[in-house]
Each structure stands twice: as C-alpha cells, then as structure tokens.
Amino acid sequence: MRIKAFLLAAVMAAALLTAGCSKSSDSSSKPAEDSKAGSQSSVEASKEESKTESKAEDSKKEESKESSAPSGKPVDASWFDDAVFVGDSVTLKLSYYAENGDLGDAKFLCQGSLGYTNALMALEEEGNVHPSYEGTTYTVDEGCKTINPKKVFVMLGMNDIGLYGVDGAAESMVTLTDKIAANCPDAVIYIESVTPMVEGFTLGDLNNENIRKFDEKLKSVCEEKGYKYLDVYSAVDDGNGNLIYDYCGDPPTEDNPDAMGLHFNDNGCKAWADYLKENVEA
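What the sequence shown shows, in the working numbering, is residues 1 to 282, in sequence order.
Simulated from the structure, these hints should not be mistaken for lab results.
Be a bit skeptical, because a hint or two may be false.
BS3-like cross-link-like pairs, simulated, lysine-lysine; straight-line CA separation at most 25 Å [claimed, not checked]:
1) K73 x K213
2) K219 x K150
3) K145 x K228
Can you make the complete structure from the sequences, with help from the hints?
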C-alpha cells in the first residue's frame, strides 16, 4: 500500500511539473512548491490509511481469537444429549449423579478398573473389564460406534499409571483414542484429564505428581491429534494440587483405612459437570 502511495505521489508531482513548464515563460517556482505540497499530502494520507488498515487487521485477529475460545456462557444440560462418557469407577460415579438430568440424556460406557490398556483387550480375553450398554458388553470403541454419539468424553488412566507408568499409559491412550476416532468419524473427541487424589495419599506409583505428568502427555497428544483437552483436574484442585477433601467420596480415615481417596461425592460431581458446561465449545 505504501509503495502504491509513493508511486501515486510521483505521478502527481510529474504532472504538476509538466503543467508548470507548459505555461508562458513565467519563471515562478510555484508549480514546484505545489508539487512538494501534493507529494507530502499523499504521503500523510498513505500513513493514515496504513494505520487504519493495521487497526482493522488487529481487530480481525482479536475477533478470531474470541470466536475460537469457549463463549463463557455455560451450555444447557441438553447439550450433552448426543454425548457418551467413557471412563472407570470415577466416571461411574458421575453417571449416578447425572441421573438427576444435570448432563441431559448423556450415555455412559464406564466400568470399575477400566483403563486405556485393558480397554484394548478382546471381548473373549480372560480378565477383561469391558463396559456394558443396554445389557450388552462392548469394547469401548465398538460401544461408541453402536451409540453413534456426536461427542465423546474420555477419562481413563487412573488404572494405567500405577501398572504401566506414565509413558506406557500414554501409549495405550493414543491407541484407544485412535480406534474411537476411526469408529466415530463424525464425533468431537474430548479427552478429560485424570483428576487428583486427596492430600498425602498414594497407591504405589499412582500419586498426584504422576497424574500431573500423565495429564501433560494427554494435553500434548490432544494438540497433535486435534482432540479437545479438558483440564478437569483444575476444577477439583484444592490449590495445592490435591483433590478438594469435601469433594471426595472415599476419603481415607481411621474407620476406612482401605479408602482410595480419589472418587467423588455429589459435590465433586457437580463441580465436574459445571466445569464441562463452561468449557466445552458450543
């Protein structure tokens, strides 16, 4: 734009000089002065136009950023009517809570002890813990195909980290989510972070430090694969990286020493559901 402006100024200057020379033998320098003024005016006009275009471009960039981010207005419960939630015993509790309609008519494919790794087992394989839907047992990817959802929410990994480590669990996550994506090509896939345990509680290698490391890997995979990452961990964090004690449905106590310190009560499930409503892309 600036180059065009300078060329235009040069043409105008040449025209003015020619007009001045074609007049009688008037030796006045006025035409040259007018040319300089015209050129200066064109340069200033070009600068103003450039500033205006720059502001317009910046405005477009800001609008683009805003349109790609969550609107900030929570979606209605009915938004989840065409969604399926895949998970272990943590999500199983959410399914009980969701019977109150807080997640609309969402479907659930969850089972205690389910993980990214054992979800890859064949149906007939001994020791499988595959979920059931309407009385029929499915592998996760086949179950999702049968339900045919528009949105798939996956929260697994709690049962993988302690057995296979952070890296092994992440490898299984990639394999399973690829199978889900292949069976549900029209669905948007949301990967939910694994949530924390109450303060000071561990189960072997399963602890909050390793959970956070695993969640970072999940986030990286989502960026690479184009899945939507949801940091549910942050919604139930006590500010120090632990599960809020009042959200825990099985806190370890003297009366319950075998508690796991990681499942939710209704308060925790409500915080979870509220986070989802505020952070999905409507």
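We went through each hint and held it up to the structure:
1. K73 x K213: violated (30 Å)
2. K219 x K150: OK: K219 and K150 at ~21 Å, within 25 Å.
3. K145 x K228: holds (19 Å)
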